[in-house]
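Generate coordinates for the entire structure from the input sequences, incorporating the hints supplied.
Going line by line, the protein sequences match chains A and B.
Counting in this note's numbering, the first sequence runs from 1 upward without gaps.
Counting in this note's numbering, the second sequence runs from 1 upward without gaps.
Don't read these hints as lab results, they were simulated from the structure.
Treat the hints with caution; some may be incorrect.
Below, a list of computed lysine-lysine pairs in the DSS-like style, where the Cα atoms sit at most 30 Å apart [claimed, not checked]: (1) B/Lys-795 x A/Lys-18; (2) B/Lys-455 x A/Lys-18; (3) A/Lys-18 x B/Lys-460; (4) A/Lys-18 x B/Lys-701; (5) A/Lys-13 x B/Lys-460.
Quick caveat, the model's predicted, so the values are computed rather than measured.
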Amino acid sequence: MNEKELEIAENIKGMLSKNLRIPEEELDYEIALFGDGIGLDSVDSLEIIACIDSAYGVAMTGVAKEHFYNITSLTKYVVEHM
Amino acid sequence: MAKDISTRCVVTGLGMISAIGNSVDECWENALAGKTGIDKVQSVDTTDCYANLGAEVKCDSLDDIDEAKKVDRVSKLCLKASAEACQDAGLVVNEENAGRVGVIMGSCVGGVVSIENYINNGEKTEDINRMSIASIANHVANYIGAKGVVTNVGNACAAGSISIAYACELIRAGVADAFVVGGADAFASVPFSGFLALHALSEETCSPFNHSNGITLGEGSGAIVVESYEHAMKRNAKIYCDVLSAGISSDAHHITAPRPDGLGQMYAIRTAMERSGLTAKDIGYINAHGTGTAKNDEAEFLSIHTIFDEANDDLTVSSTKAMVGHCLGAAGAIEAVFAIKALTENDIPPTIGYSDEDMEALAEKAGKLDFRPNEMCHKEMTSVMSNSFAFGGSNASIIFSKNPGNMDEVESDEKVYITGIGIVSPLGNGLDNYIEKVKAGITPECTSLEASVGKEDYDKFGVKMAFYRKLDKFSIMQVISGLEALENSGIEITPENAEQLGMIIGTGDGPLTTVYEFQEHISENGTIAGSAFNFPNTVYNAAGGYLSIKTGMRGYNVTVTNGAQAGMSSVCYAYNEIKQNRAKVMLATGTDENSRVMNKLYGQLGMIADSVNETYQGGNGFTLADGSTTITLEEGAYAESHNAKKYAEVAGYAMTHEPIVYGEVNGSEQGLANAIRDAVAMAGISMDDIDAIYGFGNGMKTVDDIECSVYGELFGGTCPVHCIKNITGEGRAAASALTVAHAALVLSGDIQGEQKAYYVNKNEVRTAMVDTSAYKYVLTTSYAVGGSYSAVILKKAE
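Right, dumping it as structure tokens:
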């Protein structure tokens, strides 16, 4: 990741920790957010969409699942659509 | 001889206010005509929101009732419907019958309009006592003069139905003759913003079982006078119909979504029919929950098809939410009134919004069901059903009939024992820790105490991060104390017994902190900024829902909220469920939270003491505390089947009300005296048999004085009074449940030896160390602002 991507990834990590009450120590940029990883569900994805929209003006409603896979994929999507 | 619990319960009065009318007649006429009350929302700022429709009440006479002038909008709506129902029933409450008349109201969001007012308009003290659900039934009780059981059900969108069911259970238990029951909710920013965040609002007028692309929120209230047939006949009341039985269950699946396989819904529907002595072919009409979300509509149609397709060729179904919107805690009550009108008028209201194209899709979805789109129909029916399903996986199904049904149940003659205790408190968590701290004589060091739950608790009970991170403090305290109580009683939950295990969650303030913070956030950032993550925790029954999900308990699951006494009234409620054969095991709990928000609100009300006060010393306030206490109650034979330890036997209970201004306690002494007398009578003992009282004194003079006066009058200052709030502070519902748990621990010998006790009279208080080892019968008491009391008698287990 470049500097800008790292900054966004760190912001997303902070948002996941604060808004979805995931302990920071459980999070890294690669861990799977849904399924067997952190175990997020559809309600959490709505919160992620709202936060990313609010922070970066990037709309992720209806976006394919793979972009929500981990912090890295979310960051990549945000960077590409900012 | 076993007590008959098949008492006929009949409906004698109806009241309703909704977006399609300010009376039952107006609402009914418009419902049959398929007129919708849904329009562009006026009372909530919908700027930038993708949906802007709602079903708001248009009524300029809400304040005509004196009692309604200084209350939240939810209570204004409830009073309007209740007044109509009482007038319709010709119910006159007087000194003679007041103790046998009660009020039970359901609500989802309670006084949330007042929370918004408080935050947006200068933090006025007058708004504080209007915030919680707890005040609603109190206002109605004061209006009609009821002195019986006065409480509220907080099971979100199933609350209105459950309130009717609970009233009938209490009438059948013989503790009341008549109730005003129902539900109410007001249109407000918090639910609008929350459902918006969940993308659960429809952009267009909702049309359930049709496109199923979301709900349209509504507001209103439904009220019903339900009484024993004997009581109705004695006063020559007109009778609409019988209320047969209800089925109440929990999905144990997800906090917002119903189980896709409909298992919990079907258990509720089947239980209602079985306990009513009916079969599927007897039901002529179902007023469906039918919200208009894909998940609800699919699960509910699956449930109805599965149960009725083969058994009933003539079942009509509709959802009236297309006209009145989803009125949340009022929905079950409003829809019960519609179901009763359908039954008694032989007319069925439609679900509107179906185009010709939609009709083709409907034909396929409805199959054999006579689903009623767009236009009403006339149909002769004997029995009808109303379904309500809610957040937290809460399900309720209730049956109304022109016939008395075939109920022939008798009360269980098994004794009910306390077999498990779980404690989360500011002293630390766990039963052993509590006993240790009590023995060490710990007392509060400051006037605000907070419990905490952390890694040690999660590890102990195997609660994973993916689960606990979802919960607010209110819910996680409840889950931890609930898990400990189950473990302590040695109950293992299996698919075979899951439906026999239930819970009554008691809370005074519920998730008020989460609701307040949700409102704070949207007040600052707009309705569009609501959090989908936090919204599910704003419903009062979230804690019970999470506990059910974590444990797999799929039986009876109700949240009662009626002030600090809720943790003891949950014991009364749970006891009755076991005696009436709805469960072998019930958890009875009390949970309340202290937080920045609660500290601020109680502080502003002037209730938090300047310094730590001992009870009965004339202090100006109490130590605000929190926590969660869960008590396992078991039927005797079930407890013996797995060699459970019996801490104590529940020998009797009573719940009473003395109409006074909500928020105060002055002048409600008679309510406490009545509760004690009734509980003693139910236990079949005399006042002299009471060895000790575990009371509710919290150091605040106005509260303590009630005890001194009443115990002085009833016991002449000779009965020792123990005060657990000197140990844990005023934990409200957590403390009232802990009072019962503590007394049980004394009877079981887990807390032994000499304990400090007070001998109180109106003008005299003295203390002494008392040997508690010979106690056989103890009385536990609790209070709530607004004049509601619970009393429970415990007996040493044999």
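Right, here's what the structure says about each hint:
With a C-alpha separation of about 48 Å, the suggested pair B/Lys-795 and A/Lys-18 falls outside the 30 Å cut-off, and the hint is violated. Distance hint between B/Lys-455 and A/Lys-18 is fulfilled; the C-alpha atoms sit about 18 Å from each other, no more than 30 Å. For the given pair, A/Lys-18 sits about 25 Å from B/Lys-460 by alpha-carbon distance, which is consistent with the 30 Å threshold. Under the criterion of a C-alpha separation no larger than 30 Å, the hint pairing A/Lys-18 with B/Lys-701 is inconsistent with the structure, at around 42 Å.
Using a Cα cut-off of 30 Å, the hinted pair A/Lys-13 and B/Lys-460 holds, with the two alpha carbons roughly 28 Å apart.
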